[in-house]
Amino acid sequence: MKTGKLEDKFNPKDFENDLYKNWEEKGYFKPSNDKTKIPYTIVIPPPNITGKLHMGHALDETYQDILIRYKRMCGFNSLWVPGTDHAAIATEVKIVEKMKEEGISKEDLGREGFLKRAWEWKKEYGGTISKQIRKLGCSCDWSRERFTMDEGLSNAVNTVFENLYNKGYIYRGKRMITWCPSCHTSLSDAEVEYEDEDTHLWHIRYSAPDGSYSVVVATTRPETMFGDTAVAVHPDDERYKGLIGKTVVLPIMNKEIPIIADEFVEKEFGTGAVKITPAHDPNDYEAGLRHNLPIIDVFDEEYNMNDLVPEYKGMDTISARKKVVDQLSKLGVLVKIEDYKHSVGTCYRCHSKVEPKISEQWFVRMKELAEPAIKAVKNGEVKFIPERFDKTYFNWMENIKDWCISRQLWWGHRIPAYYCDDCNEITVSKVAPDRCSRCGSSHIHQDEDTLDTWFSSALWPFSTLGWPEQTEDFKYFYPTATLITGYDIIFFWVARMIFSGIEHTGEVPFKNVLFHGIVRDSQGRKMSKSLGNGIDPLEVIDKYGTDALRFSLTLGISPGNDIRYSEEKLEAAGNFANKIWNASKFVLMNLEQIDELDSNPEHFTYEDKWILNKLNNTVKEVRNNIENFDFGVALQKIYDFTWDEFCDWYIEMCKPRLYNKEDATRNAAGYVLNKVLGDCLKMLHPFMPFVTEQIYTKLPGSDETIMLSDYPEADENICFDREEDAVEQIKEIIVGIRNIRNNMNVHPSRKAKMIFVTTSMKEAITESEGYIKKLGFGEEIHIQANKEEIPQNAVSVVTSKMELYMPFEDLVDLEEERQRLEKEKEKILKDKAIFDGMLSNPGFMAKAPEAKINEAKEKQAKFAEMLKAIEDRMNGMK
RNA sequence: GGGCGUAUAGCUCAGCUGGUAGAGCAUCUGCCUUACAAGCAGGGGGUCAUAGGUUCGAGUCCUAUUGCGCCCACCA
3 MKTGKLEDKF NPKDFENDLY KNWEEKGYFK PSNDKTKIPY TIVIPPPNIT GKLHMGHALD
63 ETYQDILIRY KRMCGFNSLW VPGTDHAAIA TEVKIVEKMK EEGISKEDLG REGFLKRAWE
123 WKKEYGGTIS KQIRKLGCSC DWSRERFTMD EGLSNAVNTV FENLYNKGYI YRGKRMITWC
183 PSCHTSLSDA EVEYEDEDTH LWHIRYSAPD GSYSVVVATT RPETMFGDTA VAVHPDDERY
243 KGLIGKTVVL PIMNKEIPII ADEFVEKEFG TGAVKITPAH DPNDYEAGLR HNLPIIDVFD
303 EEYNMNDLVP EYKGMDTISA RKKVVDQLSK LGVLVKIEDY KHSVGTCYRC HSKVEPKISE
363 QWFVRMKELA EPAIKAVKNG EVKFIPERFD KTYFNWMENI KDWCISRQLW WGHRIPAYYC
423 DDCNEITVSK VAPDRCSRCG SSHIHQDEDT LDTWFSSALW PFSTLGWPEQ TEDFKYFYPT
483 ATLITGYDII FFWVARMIFS GIEHTGEVPF KNVLFHGIVR DSQGRKMSKS LGNGIDPLEV
543 IDKYGTDALR FSLTLGISPG NDIRYSEEKL EAAGNFANKI WNASKFVLMN LEQIDELDSN
603 PEHFTYEDKW ILNKLNNTVK EVRNNIENFD FGVALQKIYD FTWDEFCDWY IEMCKPRLYN
663 KEDATRNAAG YVLNKVLGDC LKMLHPFMPF VTEQIYTKLP GSDETIMLSD YPEADENICF
723 DREEDAVEQI KEIIVGIRNI RNNMNVHPSR KAKMIFVTTS MKEAITESEG YIKKLGFGEE
783 IHIQANKEEI PQNAVSVVTS KMELYMPFED LVDLEEERQR LEKEKEKILK DKAIFDGMLS
843 NPGFMAKAPE AKINEAKEKQ AKFAEMLKAI EDRMNGMK
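In the numbering used here, the protein residues as written are 3 to 880.
Please note: incorrect hints may appear among the correct ones.
Stated by the list, open to error - Straight-line C-alpha distance at most 20 Å; calculated SDA-like pairs for lysine to any residue:
#1 Lys133 with Ser145
#2 Lys531 with His353
#3 Lys338 with Ser209
#4 Lys861 with Leu841
#5 Lys545 with Trp583
#6 Lys7 with Asn24
Simulated from the structure, these hints should not be mistaken for lab results.
My request is simple: use the sequences and hints to build the entire structure.
This is the structure we're talking about:
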């Protein structure tokens, strides 16, 4: 046969890059134009253009590629849309940082200058990212690559904004929002991360104007006291009942404020009295609204003190706090300082402390939009894998608050709202209007703010496919099949895509969401910049190859669980690839010597049928596992089958046939080797795309590329003559050979005669003589029906269908053999006892399903046979 | 304060609808047997966190407890 040639040494660097280039050039990643095929669409969770890919991306992309390649091979019209996200705040922070190093500020450049810089940044990092995704072997359609700020996608953003505004879902209003003093922008609730902080609870005495009574308040924020406009107590609190409605004097400020009653106050907490600072605390803000309290802001935009109290002007919160405490202490009104631990909000991008702030912002009213999105998951239109993330999702969606979508940033989609300088009317329009929609004045100006980066991400599954235009792609590929992402962005992204998809396209954006965990370092810690424990996937690829990286991120992983980076697993992956490489070398070498492949089942030997059967089962299970997103299990099965069954047994069994040119089944062996190896490679291809392609194309009769070959299919009708027997009998032979190797003192140089006592396996053993002798170190083989003429000093192997004796002169001591048999007997007894117990248990007999009872009976009988044979043997030795 | 995850061999982890505990690495013993020493053939090693319960039968289902981790929540 004509076959290709493999390099002698396996080295992934020899071919990975070239193969990818070839795939891309040939257009294999593009879906076919045949619209009668069923589409299978995945849109990539677009990596942020803030930097390069990390292990989390490698994991995410690997799983997507597994599915996309698998589905493509299964005959679906696979489309994987790649792209990147402008990541508004994250990118802007990075750019500003970099500018700072150069001594430039945003203001120096102005909006336009800054945006120019940002686009340059995008060009650089966006390019890097797509290069890296290619390195990972991802089969995405690069001709459809998208960026969240592309023209089409920006149009989608404006359209959605306008629609939601017209429907009344988007409004502008003055609310208490979260403000990041470092990024100078508002944040949504989801963008706040909470951290525990050790601080104090300061107890401060506020006294009556005439000093006749006083109230002690407890606070963690003494520096905000200048903005206090009341003290609140619980209406039922006996301690303070008489004081409600009276006033106290704010120390330092010497200003009278009222004592009010409000149920939100916890009697047990602190002193039971709380200072109310409506401008700087969400609770206080609400209380302020309820009681019509004035709102007094004490900070400027950067959260330094304003000029409310001149001597504090310009101080940051820390020093202001120090000074206030100091001053209060001097005034003798600081009653107590208590240690206290509480959580403080931080910005998810710059990690500085965030502050509540009253500000005019744009919001999306969420409650109604969330409802159908909740329903879609409840009724299974969108399925989460694993299911448990339903709860996280429901919890968030059912308690959802309005979404603050405006950001005081420059990098992003500018809000399509225009203010009239003459009549103050707001005109919202996806295309920039030239005059006010109410008074017609041409003196209008656009809102300075941009949108939350997640506003555009929420549209990603359909904006990438051309929506709002009814493009061919949108009509055919939408809704997408499966979203694969980390569980850490359920709120940010998944939830928002679901409600957006339903609202704007009338359909859920995807049917399945596969959640994976986080990649941790070898000690189980989160990889992070500050710890410096991040691992660069490209470095791993450089050292072990892409296939190995993908393997290590897949094997033994279950959906939704975090995984630990492990060098060992990478080595295991390399070993596996090397193993396949070598096995393939062997197969190719031998196929070269063969004239033709003989696929006639009548020429198949027992081991041929055995391996084809095993293959068939493996294919069936692997397909099932992949369909259920159990990639780790699927890969394990491919690994086990390829290494243990195919390489360790089948190839070894084949050798005598291959080496004997006269063997009538030699060509059949060639066929089976080619078939099984080919199917192993195909099964493995979605997981390890490169090595499988490199080998596959060398096999005789292979397709142009493994990528477009058919994924192996289980043949329900696979039923060779004597098929069941073949499987069973080969199993027996394997057990026999294992036992010999295990217990007998035989070597290639120390062979012995083999006497098989069996009737049912005569044919199989005769046919298998060649490899039995080789693998079991037999000199010659005799098969007989009974135990005549078996020498005393023979070792034996007993299975349920056969007994095997190997007579030795001096190799095995009779007493040693007796002891070995005794051990063997004990083990069988132990095994048998389990089934004896089951079958003698009236409960089991009465209630267990019949199949289980029969199974137990069969096993019991099998062990009984083995036991008898071993006892016979021991008796014979006496 | 709620919710979730996790606890299985020395290490890292699998184990689907309950039916004699698995893998990789590590360890020990033999082997350079013409595909492979990144390998081959074998061995040792687990009362599946603890306590109850359901069941003929539980690593697998239920309840409680403990350890570790995560998420959510406006107690100053």
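| query | Against the structure shown, which of the earlier numbered hints fail to hold, in ascending order? | reply | none
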